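Chains as they are written, first to last, in the numbering used here: chain A, 1 to 156; chain B, 1001 to 1312.
Just so you know, these hints were derived from the structure itself, not from any lab.
Just so we're clear, the structure is a prediction, and the values are computed from it rather than from any experiment.
Check the hints yourself; a few may be wrong.
As the list claims (entries may be wrong) - Derived lysine-lysine pairs resembling BS3-like cross-links, with alpha carbons at most 27 Å apart:
no. : chain 1 : residue 1 : chain 2 : residue 2
1   : A       : Lys-142   : B       : Lys-1254
2   : B       : Lys-1254  : B       : Lys-1285
3   : B       : Lys-1175  : B       : Lys-1288
4   : B       : Lys-1285  : B       : Lys-1260
5   : B       : Lys-1175  : A       : Lys-113
6   : A       : Lys-113   : B       : Lys-1031
7   : B       : Lys-1175  : B       : Lys-1031
8   : B       : Lys-1285  : A       : Lys-113
9   : B       : Lys-1175  : A       : Lys-142
10  : A       : Lys-142   : A       : Lys-113
11  : B       : Lys-1243  : B       : Lys-1254
12  : B       : Lys-1243  : A       : Lys-113
Unchecked claim - Here are some chain A residues pointing at chain B (derived, C-beta under 8 Å):
no. : residue
13  : Asn-2
14  : Leu-5
15  : Ile-8
16  : Leu-11
17  : Gly-12
18  : Ser-17
19  : Val-18
20  : Ile-21
21  : Val-22
22  : Val-26
23  : Ala-82
24  : Thr-89
25  : Gly-96
26  : Tyr-115
27  : Thr-123
28  : His-136
Even glycine gets a Cβ: it sits at the ideal position worked out from N, Cα and C.
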Amino acid sequence: MNEILTLILVLGASAISVGLIVVLNVFLGGWTPARFAYAGEGVRRIEEGVLGFSASHDAVMGRGGRVVLALEQGGARLGVAATSGDRATVRALRPGEVRAVRLDGATLTLDLKDYTFGRVWLTLDDADTASVWAEHARAFVKTAPETARPETASHA
Amino acid sequence: MPDLPNPIYFAIPAFVLLIVAEMIHARLTGKTQYEPRDTAASLIMGLGNTVSGILLGGIALAWFAYIEQFALLDIGWAWWAFALAFVLDDFVYYWSHRFAHTVRWWWADHVIHHSSQHYNLSTALRQPWLSPLSLKFIIFGSWLVLAGFPPAMVAFVGALNLIYQFWIHTEAVPKMWAPIEAVMNTPSHHRVHHATNPRYLDRNFAGVFIIWDRMFGSFEPEREDEPCRYGIVRNLATFNPIKICLHEWAGIFKDVASAKSPREAFGYWFGPPGWSPDGSRDSSKILKRRWMETRQAEAGEAEAPQRAAAAE
């Protein structure tokens, strides 16, 4: 009985500690939500994070600097960089890895076949630019033979 | 048999205090970062790991109690047996950790620990919830019990090993005195292990003693000219603990369901992370090779004008 009680106390204290540490983290600050200053910064992150990805000059950044899209040279992949907390997550999408593309004025939404990166949306400068990028993205909805699989790799 | 406590329960208060200290240090120096959602995700994963160990750890304990009857020796509880068990357990840890990076079935469990793009003491506690189901502890932990070490001793030294590994998850400690760096796993060595730079991929698997990496060819020193980029090759875009826990398992099930043959299914399940039948995905080996080829090509381009000048 004592062991169970100790266990419950340890777990309860741990749960409270987790909450207090996170509150302390919020209170102390020291982190800045990541934002791209310009499209090239997002492109650099994609090229850094996806070995072999070489972006074309075709890149665009959403308002607020949270998302950058970039076509690879030759157009084989669509690079995506999206901020997440104080870091950024990148993907190089192959045909078949985009589930759907939606366009609402200047706002473009991509639904991805990705368990942890399901949706990315960005508002561009104007509806024409958004329309052009929607067309780019739609090319990655269709599955091309032998290129539809997402890449995974050991970490780390 | 001595009544051994679980040292991890006693270490938890120290873990909490050290995280708070590092968080304040991070704020004062800017040498490392804590981001609340990342911190929360890591700590919740750690708490969940403790709960799952209580709920599912009985599988491993029952197995060890069963196989104890087949032990070759009766080593007993002498002090030297603890020391020997600690070193041998670290050797076994090295190999189990190496396999956790090279067999997708075990990587699906271990990837959780690598899934933060931050590297701080809270990252140490970002641990999986389903480890007992991966059978890793049974397969790798059985050797010491079968050799004759008491299961409780194996569990005890294993816990000490994990406690040691807590403090090395920090950017606050620079490279240490050379003799320590030569023998022990240090923050510098383990930063390399958590980095996704191709040079650093799948290196420094050690738990306590870095000598195993030096012996088995997996050692890579941290370089000042190549800062570590932390996380995994395909970083997660979520702080949701459930998704963090399950993402690689979901990937395996999806791939196995799409397999065209039993061989393909086997490859997706037990091949290296990134394995695919047509080689279209990026495994660590492929990434390292491509990186090496790029470096050689760049070096060739840099040397070409010098060679031309020398020829003239």
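Task: Status of the Thr-89(A) interface restraint (C-beta, 8 Å, chain B) - done: Holds, because the Cβ-Cβ distance from Thr-89(A) to chain B comes to roughly 4 Å (cut-off 8 Å).
Open item on the list: Does Lys-1031(B) sit within 27 Å of Lys-113(A), going by the straight-line distance between their CA atoms?
Closed with: 36 Å, violated
Task: Proposed proximity, Lys-113(A) with Lys-1175(B) (alpha carbon, max 27 Å) - done: 42 Å, violated
Task: When the least beta-carbon distance from Ala-82(A) to chain B is tested against 8 Å, hint result - done: 6 Å, holds
Task: Lys-1254(B) paired with Lys-1285(B) [C-alpha distance capped at 27 Å] - done: 23 Å, holds
Task: Supplied contact hint for Asn-2(A), tested at 8 Å Cβ to chain B - done: Hint violated; Asn-2(A) Cβ to chain B Cβ min 13 Å, cut 8 Å.
- [ ] Measure nothing beyond the straight line between the CA atoms of Lys-1285(B) and Lys-113(A); if it is 27 Å or shorter, mark the hint as holding.
- [x] 25 Å, holds
Open item on the list: Hint validation: His-136(A) versus chain B, beta carbon distance must be below 8 Å. Holds or violated?
Closed with: Violated, because the Cβ-Cβ distance from His-136(A) to chain B comes to roughly 21 Å (cut-off 8 Å).
TODO: Double-check Val-22(A) for me: the hint is only fine if its C-beta lies closer than 8 Å to a C-beta in chain B.
DONE: At 5 Å from the nearest chain B Cβ, Val-22(A) passes the 8 Å test, so the hint holds.
TODO: For the pair supplied as a hint, Lys-1175(B) and Lys-1288(B), confirm whether the alpha-carbon distance does not exceed 27 Å.
DONE: 25 Å, holds
Task: Hint check: 8 Å Cβ-Cβ cutoff, Ile-21(A) to chain B - done: At 6 Å from the nearest chain B Cβ, Ile-21(A) passes the 8 Å test, so the hint holds.
TODO: Would you check whether Gly-96(A) satisfies its interface hint, that is, whether its CB is within less than 8 Å of any CB in chain B?
DONE: With Cβ-Cβ at 12 Å, over 8 Å, it is violated.
In this structure, the earlier hints numbered 5, 6, 9, 13, 14, 15, 17, 25, 27 and 28 are contradicted, and the remaining ones agree with it.
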